[in-house]
Amino acid sequence: MTGLDRASGVTDVVAVPAPSPPSPSPGDGGAGTAPGARAWSTAGTVLLYVASLAAAFGISALLVALTHGSPSKVFPAMYDGSVRSFGSLGYTLDNAAPLMIVAVGAIVSTRAGLFNIGQEGQLTIGAMAGAFVALKVHPAGGPVLVLALLAAAAGGALWAGLVALLRFWRGVEVVISSLLLVFVAGQVLSYALSRAFLLREHGANGANLTESDQLSSKVQLPHFGSYPHFNFGSGLLIALVLAAAIGLVMTRTTLGFRLRMLGHNATAAKHVGVRAAWLGTVALLVSGACAGLAGGVLLTGQAYRITPTISNNVGWNGLLVALVARNNAWVAIGVALGFGALQAGGGFLTTTGVPTDLVNVMEALVVLAAVFPPALQEVMRRRARRAAAGAPVAVGAPA
Amino acid sequence: MSNDVTTILGSAVRLSVPLAFAGVGEYVAERAGTLNISVEAMMLSGAYAGAVGSSVSHNAAAGFLWGMAAGLIVAVVHANFSHRLQANTFVVGLTLNVLALGVTNYLLEKVHMTPRQVGVWKVPLLWHIPVVGKPLFAERWPAYFLVGIVPAAWWVMRRSRWGLEMRSVGENPKAADVTGIHVNKRRRQGLMICGILAGFGGAYLSVAEVGTFNSNMTAGRGFIVIAAVIFGGWTLRGTIAGCFLFGGVDALRLALPALGYTINPQLLIASPYVIALLAMCFFAKRLRQPAALAQPFERGAT
Chain E
1 MTGLDRASGV TDVVAVPAPS PPSPSPGDGG AGTAPGARAW STAGTVLLYV
51 ASLAAAFGIS ALLVALTHGS PSKVFPAMYD GSVRSFGSLG YTLDNAAPLM
101 IVAVGAIVST RAGLFNIGQE GQLTIGAMAG AFVALKVHPA GGPVLVLALL
151 AAAAGGALWA GLVALLRFWR GVEVVISSLL LVFVAGQVLS YALSRAFLLR
201 EHGANGANLT ESDQLSSKVQ LPHFGSYPHF NFGSGLLIAL VLAAAIGLVM
251 TRTTLGFRLR MLGHNATAAK HVGVRAAWLG TVALLVSGAC AGLAGGVLLT
301 GQAYRITPTI SNNVGWNGLL VALVARNNAW VAIGVALGFG ALQAGGGFLT
351 TTGVPTDLVN VMEALVVLAA VFPPALQEVM RRRARRAAAG APVAVGAPA
Chain F
1 MSNDVTTILG SAVRLSVPLA FAGVGEYVAE RAGTLNISVE AMMLSGAYAG
51 AVGSSVSHNA AAGFLWGMAA GLIVAVVHAN FSHRLQANTF VVGLTLNVLA
101 LGVTNYLLEK VHMTPRQVGV WKVPLLWHIP VVGKPLFAER WPAYFLVGIV
151 PAAWWVMRRS RWGLEMRSVG ENPKAADVTG IHVNKRRRQG LMICGILAGF
201 GGAYLSVAEV GTFNSNMTAG RGFIVIAAVI FGGWTLRGTI AGCFLFGGVD
251 ALRLALPALG YTINPQLLIA SPYVIALLAM CFFAKRLRQP AALAQPFERG
301 AT
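For the protein sequence lines, the chains are E and F, in the order given.
Mapped onto my numbering, the consecutive letters of the first sequence carry residue numbers 1 to 399.
Mapped onto my numbering, the consecutive letters of the second sequence carry residue numbers 1 to 302.
Looking at chain F on its own, in the form it has when it is part of the complex (with noise of 0.2 Å):
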């Protein structure tokens, strides 16, 4: 029994880190206004390009700065086509979905890729504790950045000047225009930022977990980093809390069966956003968004 508790969970946490570095990614997105859909498309790239790199330089911890690169270069086109020339940040988001889909498969059999994968870093002591210890404490090593990636986001977010430039964008941009604050600048910043980590999310799919690139290797994970950020409500506890609750969901999913159990595979598919459909409807005073997320924003205009 705790053999099978150890199982779920340590796949349970596989399944989410990625979604926790997206999700910071997005949540620092959506906090400055834009309702990145096309977090999917620079995971995605990210894994791509993670597996590429890993095999190209012969080094699988390359591959991640490979996969950061792919995912910014998706979020800078993003950026500039939606906070600088003000096109529908929802045309280009699911353009980019399309495309990225598109190129990936397009290319996927035209390069040749050898699997590669980073190692298992186990914390020294903690990692012999019972249950918990291997699923927590015995993680590919990039896995360990969130530890350090979440406090500094919470920090930059909710104690720099700049986290609060940020976040007054996302609620008021005319103020925020006011006060002398480049309110698209700080937008296209926050996509930079979360492509860079969504790219980084997707490097550890393929990198990480898998050793290679699959076709769709994603499969609306991007969506689902969406919905963790809904569902938390765009705090970055509550995001992360999402991810790791939707990563759970996704490991029964995949162990139930196996164990015995029937289970409704679609219930448990659809479940992230139904719950986030409900967190947003019964919470609806606490979980409050941004109050210009997805509304675009023009200087001089009324």
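The shape of chain E in the complex, shown without the other chains (with noise of 0.2 Å):
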């Protein structure tokens, strides 16, 4: 591992475009020229991902061979369930949709420099928004399916609005108040859950159980195929729409550059005119919408009833793919596909008796490893950069 992270660390040092002569570095081998030393690059950043996720799936094999495990047949078993077969691609499909619709809405609020991390609680209150909508509005049908949507947006956004609130007019820090927010939307959850006039199910078991009644089949979303063919939920159709919607805004329009200048440099938008309470308040509203979103099409499209587990994490792994993807709403796209197919993989795996915790395990490992080579990269970097520039280098320079 160190070998080939110093190896990466001497081609970048080569990509470098050095103001100066460039300073010969030892073991570049002839590739000095710009393009030669791009392909070198390319061809390491490759290397190195490939090296990290090699880590991370042979630390999950060390942990499973450990507990007297067979490797050899989990991870074939992963890939049965992801990938394989249409049928099984369908199930990837089905688990990146939400976390899609989560990350493209974070990267708009990350964009705008108001970091907000709570889209788990966002998600519950859009979910049980919907819920409510969904339940109680007659007659059932698409009409109300599609308010129900819109009141888990609207949910999700109300409870961004209160982060919002709070960072505007007391001046609490986003990243705070929103990610206390999230164990207070659990609990509202809960609350409702419990509570007969509300969410609770009607009769026997809603004595027992803390969950909602099922949704009746005309307020779910349509599935198209079915499982041993290629299918999908219309959830996926929503999510991708609404990533080239974003997409789209954030780098084609006065609103987009305006929310990236607010994130930039706050200073100079102030400057210019933009106002950032109001911005700010409208990046929060639709981060939080979308994560609303996500909750609603978890709700119409996968669980159709609402449970306390309703989010399931997703909140946070919505977060983590915008965060992985760097802010990139094309890039997320393919980080959640990423994502869903480990999902989707790993349910498959727990059916064949291989515990969930494993598969948690096995998709915390590949985060960090996909978080590690960008950030070696640009460490070394920022390194060469100092170097080149004759800057004194500390002694055991920080990072």
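Rather than coming from a laboratory, the hints here were simulated on the basis of the structure.
These figures come from a predicted structure and were not determined experimentally.
Do not rely on the hints blindly, as some may be mistaken.
[What the hints assert, rightly or not] Taking lysine-lysine and the BS3-like style, the derived pairs with C-alpha atoms no more than 27 Å apart in a straight line are: (1) E/Lys73 / F/Lys110; (2) F/Lys122 / F/Lys134; (3) E/Lys270 / F/Lys174; (4) E/Lys136 / E/Lys218; (5) F/Lys174 / F/Lys185.
Given two chains presented individually in distinct reference frames, assemble the corresponding complex, making use of the accompanying hints.
Shown next as structure tokens:
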């Protein structure tokens, strides 16, 4: 591992466009010209990712082997469950859709410099609002489904609106208030599920289980295709349209430009007349609405009833998708699909008797593995730039 | 009546002690500028390692060393990822929480544990005091470390040079860097102290209170610790007060139904977070967070 790291560091040193005559670095093997260096660097990046992911899977395999399991069965099972056939691909897509929706929302607020990390709570409140509309508004049908999804988005926006209110009225940091509100949201849902006039299931079950009635089939999102063949829920379409729309708004419109400016340099943004409070509130509401909508999609597309664990870490994972994708909406689509594949594979794996916990461990390791290469390269690049600029590098210079 | 008070007070203290250990650690980490959300992972792995350690070494006290080591391992991973590689601290923290929960659950069934508990130490004379004597002065002995750790942490953070450096990297890392302080190193050290103390707090749960490890034993206590630091306005006193307040609320939640009062459990479970938010909201001037909290520091970047 260390050997590899050093190698990539060297290639990065080469890739840096140095203003002064390029310093000869040891071991650059004649790759001094820019295009060659870039090719080297790309190869190094790919290699680094491969090594990093291999390490993550290796540790998982080691964990399985140490506890008398057989890694040779675990990984094929994950492959079978996620991408091997059209049928299993459907599971991947369905798992990816809510993550994608949460992630694009997270991107909007993070890009605007407001680090909303409360998607898990916003998703919970969204799912709750959606369930309320889907169960209580009659007659059930297409319009109610749309209304439920809108209510879900509104619910998420409301929860994020609290964050905005606290930020721009009382000056409470977004990170802090959004984090704390996650745990409040869980209890709000728990309260609603324990009260018959709110969401608790009617009939004998309601007294024992804390869950809602099942949604009527008329307010469920349509699903295209069925298992052995290619299939996907319409949540995926919502996710893709939303990702494309937000990707375009962020990069191609004045609003997106202003949002990004606010995030990059709030002072400069203020000087050109960006109203930080107003625009920041919009960003937070959009990110909350996305998380809430993801809750609605989970509810009407997969769970069909609301339980205390409806969010099931989708909010946190969606945030991770956004951060691993480095706040790029297009990249987030791919990362969400990767996460979806892992979860679909993991879900299938649990049917073969492997505990869910191992799947969670594997997911966590993969996330760390995905974060590692870009971080390492960034550090190497910065160090090289400092060295090239002739800045005095302190002993054991901080990264 | 006074019997009930003693019972509730006793359970409040028992529930607060692990929070307070982790709270001191989280306070140190946050003052150095890390909004450390992997404190949950540190506590959980500390609880697990504590239980395993005490049953492997046939010595409950050794479990605490194991717990601290486990918390430290989590901290080292977090510190190197976020304050050496500059990976986003929330990605690392969230991931470590998932990882710790997964690993401890997975290994729970694989390792056989014999329940073992450290003993109670009664402070001579004092524990005879009516009502408050038993809850405060007849605790499992590791709890009394708190009496030493809190003042020590206060002295180190407020009076020593190192503590000043720690606080300065949390307030203004650029200025600290210019004066020759190794910003990210200080932040890593803060995280490691947090890991050791949170690991101790976790081990306290498993080795001192319960005697064994249960799945997801900490159940979000790490986040309550974060709420306590926020509630305390990033002061040590406030943090400890927050830990005991939230521990007390938890004790009420458990005790009131048994005593025949009906109370809304959801409200009590959510109350630490709501109280912390309200405190931030209404005392925003006084409860000021470290200015560079949760902001990565990269040398030479503007």
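Against the structure, the hints:
1. E/Lys73 / F/Lys110: This hinted pair holds, its Cα atoms lying about 19 Å apart.
2. F/Lys122 / F/Lys134: Holds - the C-alpha atoms of lysine 134 of chain F and lysine 122 of chain F are around 8 Å apart, at most 27 Å.
3. E/Lys270 / F/Lys174: OK: lysine 270 of chain E and lysine 174 of chain F at ~23 Å, within 27 Å.
4. E/Lys136 / E/Lys218: holds, 13 Å
5. F/Lys174 / F/Lys185: Holds: lysine 174 of chain F and lysine 185 of chain F sit about 14 Å apart, inside 27 Å.
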